[in-house]
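Please build the complete structure, drawing on both the sequences and the hints.
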Amino acid sequence: MGPVPSTPATATFRSVAMFRLQGSKVLAVDMTGDAVKAKNGSMVAYDGQMTFKKLSGGGEGIRGMVTRRLTGEQMTVMEVTGQGTCWFADRASEINLVRLQGDKLYVESSNLLATEAGLRTGTSFTGLRGATQGNGLFTTTVEGHGQAALTSDGPAVVLRVSPQYPLTVDPGAYIAHQGNVRQSFQSGVTFRTLLGEGGGEAFQIRFEGDGLVYVQPSERNTIAGDV
Amino acid sequence: MSGYPGAGPTVHDPMTLPVDDNVNAYTFCVELKGSQWFLQKGKMIAYYGSIDFNGVGHGRLDRLVRTSFHSPLHASDWVVAEGSGKMLLADRAFDVNSYDLDNGNLTIRSGNLLAFQPSLSLKQSIVPGFLTLIGTGKFVAASNGPVVFMEPPIRVDPQALVGWADCPSPCHHYDHGYMTGVMGGLRALTGLGGASGEEHQFEFVGAGTVLLQSTETLMAEQATGAVPHQPGVPGGGGTPGMPGGHGGQSGGPRLPGQLGDLQRRFGL
Numbered sequence: 001m002g003p004v005p006s007t008p009a010t011a012t013f014r015s016v017a018m019f020r021l022q023g024s025k026v027l028a029v030d031m032t033g034d035a036v037k038a039k040n041g042s043m044v045a046y047d048g049q050m051t052f053k054k055l056s057g058g059g060e061g062i063r064g065m066v067t068r069r070l071t072g073e074q075m076t077v078m079e080v081t082g083q084g085t086c087w088f089a090d091r092a093s094e095i096n097l098v099r100l101q102g103d104k105l106y107v108e109s110s111n112l113l114a115t116e117a118g119l120r121t122g123t124s125f126t127g128l129r130g131a132t133q134g135n136g137l138f139t140t141t142v143e144g145h146g147q148a149a150l151t152s153d154g155p156a157v158v159l160r161v162s163p164q165y166p167l168t169v170d171p172g173a174y175i176a177h178q179g180n181v182r183q184s185f186q187s188g189v190t191f192r193t194l195l196g197e198g199g200g201e202a203f204q205i206r207f208e209g210d211g212l213v214y215v216q217p218s219e220r221n222t223i224a225g226d227v
Numbered sequence: 001m002s003g004y005p006g007a008g009p010t011v012h013d014p015m016t017l018p019v020d021d022n023v024n025a026y027t028f029c030v031e032l033k034g035s036q037w038f039l040q041k042g043k044m045i046a047y048y049g050s051i052d053f054n055g056v057g058h059g060r061l062d063r064l065v066r067t068s069f070h071s072p073l074h075a076s077d078w079v080v081a082e083g084s085g086k087m088l089l090a091d092r093a094f095d096v097n098s099y100d101l102d103n104g105n106l107t108i109r110s111g112n113l114l115a116f117q118p119s120l121s122l123k124q125s126i127v128p129g130f131l132t133l134i135g136t137g138k139f140v141a142a143s144n145g146p147v148v149f150m151e152p153p154i155r156v157d158p159q160a161l162v163g164w165a166d167c168p169s170p171c172h173h174y175d176h177g178y179m180t181g182v183m184g185g186l187r188a189l190t191g192l193g194g195a196s197g198e199e200h201q202f203e204f205v206g207a208g209t210v211l212l213q214s215t216e217t218l219m220a221e222q223a224t225g226a227v228p229h230q231p232g233v234p235g236g237g238g239t240p241g242m243p244g245g246h247g248g249q250s251g252g253p254r255l256p257g258q259l260g261d262l263q264r265r266f267g268l
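Those sequence lines, one after another, are chains A and B. Start counting the first sequence at 1; every next residue gets the next number (the numbering used here). Start counting the second sequence at 1; every next residue gets the next number (the numbering used here).
Please note that the accuracy of each hint is not assured.
What the hints assert, rightly or not - Listed next, the in silico SDA-like pairs over lysine to any residue satisfying Cα-Cα at most 25 Å (straight line): (1) B:K33 x A:Y165; (2) A:K104 x B:T10; (3) B:K33 x A:S162; (4) B:K123 x B:I134; (5) B:K33 x A:R206; (6) A:K104 x A:Q83; (7) A:K25 x B:D95; (8) B:K33 x A:K25; (9) A:K104 x B:P14; (10) B:K33 x A:K104.
Claimed, not checked - Selected chain A positions facing chain B (Cβ under 8 Å, derived; list incomplete): (11) L119; (12) R160; (13) V169.
Claimed, not checked - Now the stretches of chain B that chain A is said to cover, found in silico as 3 or more residues with beta-carbon under 8 Å: (14) 11 to 20; (15) 41 to 48; (16) 84 to 92.
Bear in mind the hints are in silico, worked out from the structure with no lab data behind them. Predicted model only: the values in this text are computed from it and were never measured. Backbone N, C-alpha and C define an ideal beta-carbon position, used for all residues, glycine too.
Shown next, in the form of structure tokens:
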């Protein structure tokens, strides 16, 4: 079984869906009557009894739905409930498990594969960083206690950010971060960039504070890709 | 958060990241201590510390570029990273590996080379689309699937070739019974009549090492412009695409009326 939650508030009779990786590209979730939220259509197999219900708008009620429509940070999510094991995969991309203990995970909706039903998802404004990633101005947040599964192109590298070691990341390789992290956007666009003699890394995101950043060994096509 | 199966991958910080070694099969970590590395644009995914990235055309780097960068056609694709810290390199989730050259030479497909130390010098190979590294030092290269090392004499599929070290340039090898004449050309072009797709190879002879990748999926090639228009310079009139190449903007400007490379190859 999954670990026993340490905080009394959640230590009730809630059964915990257990996330595990089968290989690196398939997520297996063992469920005992509880639910997980997963990207629509990502189920590849299941045994036991499962029901799949589409949650329109990302599963945050009417308000969340409207927010998602307005912000363009859309997710089509299904809720899987049942007893048994359900396997999820998405276009053979690598899957990374993230455990949340009351902290907040910021992730691109395209990289979020599944979350435990007890985790709250929302939308937050990212500003210019989002624009340079080619993912729009908003990002998805996941909050609470439990596990989430992220997809990445190639296995993600998890990098710790601490006060003495800030981290700088290429926007195209960024997939998620968690913890108490401040991010700032750096632009190195100079007249050289316009001449085609730029440093090649004109847009960067700098993370400071305390937390973890997930990067993938591949870069999405971004507007910053060629400058 | 660890110690529980599937609790997540290991967390790296500047202390635990390796020095000039692989973090995993797809990510490579380079440590800079006031030193410099040449880096192909856009291959840096993250770094700790303070590192500057400057285009090769940056005036201050003139001396460095003069001594180790002899590929003006590739200048716009390369930058110099300098400073102190650790940076992570990766390329489209391909396998990356570092190689040490000890007073040697190695020729590699230009799209596969990620980074190299300035103690090596980068020169453009006379084979279009390839770059040659000469000297002593470390470089990082990507391949689709792990690299396999082979000894000549060997014939290899053009798409599987990553590069070669120490041996003379490859030549083309055609299965002539199949490839010549109009029927052969049609067979090769259309696949009708039983073309196996393996009628054309690169042939290596002599002493050295040939590097192959374990798939035939090519990495997108960088447009590298054209070599100077001079008598005696192969490909001086443009950059013929590598056979089977599918680079985004492969090939240089072609004269009107010229059919292309395939037809000429088959004698049409």
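Structure-based check of each hint:
1. B:K33 x A:Y165: At roughly 16 Å apart (the allowed maximum being 25 Å), Y165 of chain A and K33 of chain B satisfy the hint.
2. A:K104 x B:T10: Holds, because 19 Å separates the two Cα atoms, which is no more than 25 Å.
3. B:K33 x A:S162: Cα-Cα ~20 Å, so holds.
4. B:K123 x B:I134: Measuring from Cα to Cα gives roughly 8 Å; hence the hint holds.
5. B:K33 x A:R206: Between K33 of chain B and R206 of chain A the Cα gap is close to 20 Å, so the pair holds against 25 Å.
6. A:K104 x A:Q83: Since the Cα atoms of K104 of chain A and Q83 of chain A sit roughly 28 Å apart, the hinted pair is violated (cutoff 25 Å).
7. A:K25 x B:D95: holds, 17 Å
8. B:K33 x A:K25: violated, 37 Å
9. A:K104 x B:P14: Holds, at roughly 23 Å.
10. B:K33 x A:K104: Violated. K33 of chain B to K104 of chain A sits at ~35 Å, over the 25 Å cutoff.
11. L119: Hint on L119 of chain A: violated, closest Cβ of chain B at ~15 Å, above 8 Å.
12. R160: With a minimum Cβ separation of about 4 Å from chain B (threshold 8 Å), the hint on R160 of chain A holds.
13. V169: With Cβ-Cβ at 4 Å, under 8 Å, it holds.
14. 11 to 20: It holds: at least three residues are needed, and the stretch 11 to 20 of chain B offers 4 whose Cβ sits within less than 8 Å of chain A.
15. 41 to 48: Satisfied; 7 residues make the cut.
16. 84 to 92: Coverage by chain A holds here, the residue count being 4 at a Cβ distance below 8 Å.
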